[in-house]
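For the record, the sequence lines run as chains F and E. Going letter by letter, the first sequence gives residues 1 to 272 in our numbering. Going letter by letter, the second sequence gives residues 273 to 879 in our numbering.
These aren't lab readings, by the way, just hints derived from the structure by calculation. For glycine and all other residues, C-beta sits at the position ideal for the given N, C-alpha and C. Warning: the hint list may mix true and false statements.
Coverage of chain E stretches by chain F, computed from C-beta distances (three or more under 8 Å per stretch; other residues unrestricted) [stated by the list, open to error]: (1) 600-609; (2) 643-655.
Some chain E residues flagged as far from chain F (calculated, every beta-carbon gap over 10 Å) [unchecked claim]: (3) P545; (4) A625; (5) P629; (6) A639.
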Amino acid sequence: MSALRTCLAGAARLAPGSRRALLLLAAWFALAALGPLLAPHAPGEIVDREVFAPFSVRHWLGTDYLGRDVGSRLLWSVRYTVLISTLSTLISCCCGFVLGIATTATSVWVERVLGRLMDGLLSIPSLLFALLVIAAAGESIPALVLTMGVIYMPGAYRTSRALALRIARADYVTASLARGENRSFVILREILPNMMGPLLSDIGLRFVYAVLLLSNLSFLGLGVQPPLVDLGSLVRENVLGLAYGAPAVLVPTVVLALLTVGINLALGGQRS
Amino acid sequence: MTALISVRGLHVAGRRRDGSEVGIVRDVSLEVQRGEMLALIGESGSGKTTIALSLMGYVRPGCRISGGEIEVAGYRVDQMTPDPLRNFRGKTISYVAQNAGSAFNPALTLHRQVIEPALSHWVLPRRDAERRAVDLFRAMALPHPETIGARYPHQLSGGQLQRLMAAMALITEPEVVVFDEPTTALDVTTQIEVLEAFRAVLAERGITGVYVTHDLAVVAQVADRAVVLRNGAVCESGPTSEVLERPHAPYARELVEASRLPVRAMAAAGPVPEPVLTLSDMVVGYGSVDARGLPARRILDGINLSVPRGRILGIIGESGCGKSTLVRTIAGLQASAAGTIRFRGEDLAGAVARRTPDQRRRLQIVAQNADLVLNPAWTVGAILMRVLRFFHGLRGAEARAEALRLLDLVRLPQSVFERRPPELSGGQKQRVNFARALAARPDLVLCDEITAALDPVVAAAILELLADLQATLGLSCIFITHDLHALRAVCDRVAVLLGGHVVEQCDAASLMDGVHHPYSRLLVSSVPEMRPGWLDEVTRQRQVATDAPPPPVAAGGCPFVSRCAMRIEDICDHVPPPVVPGAGGARIACHHPLADLPPLLQADGAA
């Protein structure tokens, strides 16, 4: 409990840039949670004869290739994009961080074996790996979440391990060991609070990666399947609308850019 | 005659993160005549380096010269544009930085770097520049002046690099040289060589200089005039002897007093108390292991030491002599290859993990860098309360009260309790570090260079605190240092460490006179004294010693043989010196009979 409090205290003392990043993330989560309640139409409901309709008062963001309301579908797709990316980020970061920090305290052989495994995973192109797994396991949301979680775990592992190794050499850790503190105390109370800032920005970065990979998969038709929608699949199904400059294809693209570039910029402020 | 350097009403402002400006240097005026050396004295943050750099028309990023005039050798430096400034720097004024080790490019030979200013300013053709460099190397008393330039920085010692850096500064024959703490990072025995080399060259060439330092004894040797700075403003200025002997400003007086620490009173006579810690035949090293399990490269080699209960044992030596390894070994953080540690009558395990909690509690370390040993994520209160809970099971209000009492003990205000280490000053952090060690209620405290990173006034206060606490709590301490003044101010007994060997043990009070190991003599006589002319005396005394080339140090011989003026050929270099008991319980490891060792002259400035 007190470990949690220390971590939260660490987060509260973050640079303004990092706080901004958290705020932005919170805004996206709010949209994912509440967005569909605001949607005027059901996502699958065909509301208009006109397809690829432009912006209008009736349908703010126009209609898609079947004449469905783009605004409503967009609100639903944000939910799935954010949800799946978040879950897979949580999986990759939790596993990666725990393993990365734990290997600083275990025997060198554990690290050698685990480290090479992680290197192996890291060397496989992520899109190719995801295509392979989904082709084998079938397209479902749990499969997507797990696959993406595994893909981004080695990065989280490496980052946290490098950070923890540096901090484990700090003199205050030595002082704590000289006092006779046990490993879990040293890890949770001495090391972890001092890596919270970089870890949080790493989580953000991995979230952005996950959004992009998910959108890629959906664009290729292997991600989220109808009737569910995410940003990538919205772009794919309306790609014909490009010829007409339809909002149905432009708006999801812009939202995707806002989501990734926005978080990236917010994290960029943290580095200075 | 007009002044060569004249600064009038200089203001330098720095920009805070929120955009507001803060004065780093405020209304500083000073003058230096041709051929004079001016010392800028002050603690860290007093603006001394900022002023020295501004003479070269340079301010650190985020700062600007916000007012005043700087005139150097007829140039209005504060009004110069980048182009002429580039020509001015290195040619008219040059700079010797504090840490020559990091100022040289490790990938280039020294020669190329030393003559570079002469080439880039078109002062001399390459051939002449090379000749002048060799002349300077010779004048700086560097070994092998003809060939030393072909080496790379990592092949030379810190003292040699510092002299090479001075040679680089002088290669263009500038009118003004700025020295920025050039000897602060060096050992006393090296410092004296560097100072001597500097002074000889400067006097011969009539260089005008500005010497930035916080060491008053160095000021006494090199400077004609001195300016004492505090918080960016001039606090006192005048001829060196005037400033050092009759300081007027209260701060200047404090500074002078801090460098004249009172010598610790001898512990009450009578039998020496039983030892609380005893090291026997301690060997620590690395490399391949021989048949007896001893490593080939030894950091500590056969250390025998004991700390009597309630006394402070000082351990002194140059960098690399094994001081810190000794501390780490006693603390159980460094494995030893041989030898035993006995603590309060029990054998102490080599690794801290195998010691009992009670043993760990009774033996505490206060490390050199309080910045590094206090976890920045914790409040001071949490740091202290953790130790109280860990060792004594105190919780809640009880622990809080005890932590506040500890803060009081180390003379910190209670407001520190809620703050985190990065918000504290260096001296405050060192006090917290102390309080943490005391929280365990230890029997023995290992103090590893606790004042090395602090300014003299702050360091003096910490030493006073240590002496007080030791007296009131009856602690036993090991006090590791390279500073002889600090050693004499707090220690009862002294062990002199050289190359992993204890070459001498004696009472701290008798360190300055009587018969000593030749290395102890060298160490004691190398500590600068705060009177002008001291450097001349010492160099005159030593002139005799530096004739024959030193023999290589062979395994098993005396560690001092390569530098010893009175070594016995064919004995000292391979036969381990016997430990001879001397007057007052001293133990000296030397082949000479004690009667043959010349006694140290009682230095008058030392008392």
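Tested hints:
1. 600-609: holds (count 3)
2. 643-655: Result for this restraint: holds, n = 7.
3. P545: Consistent with the label, E/P545 stays out of reach of chain F, its closest Cβ about 26 Å off (over 10 Å).
4. A625: violated, 8 Å
5. P629: Incorrect as stated: the minimum Cβ-Cβ distance to chain F is 6 Å, not above 10 Å.
6. A639: violated, 6 Å
Hint compliance for this structure: hints 4, 5 and 6 are not met, and every other hint is.
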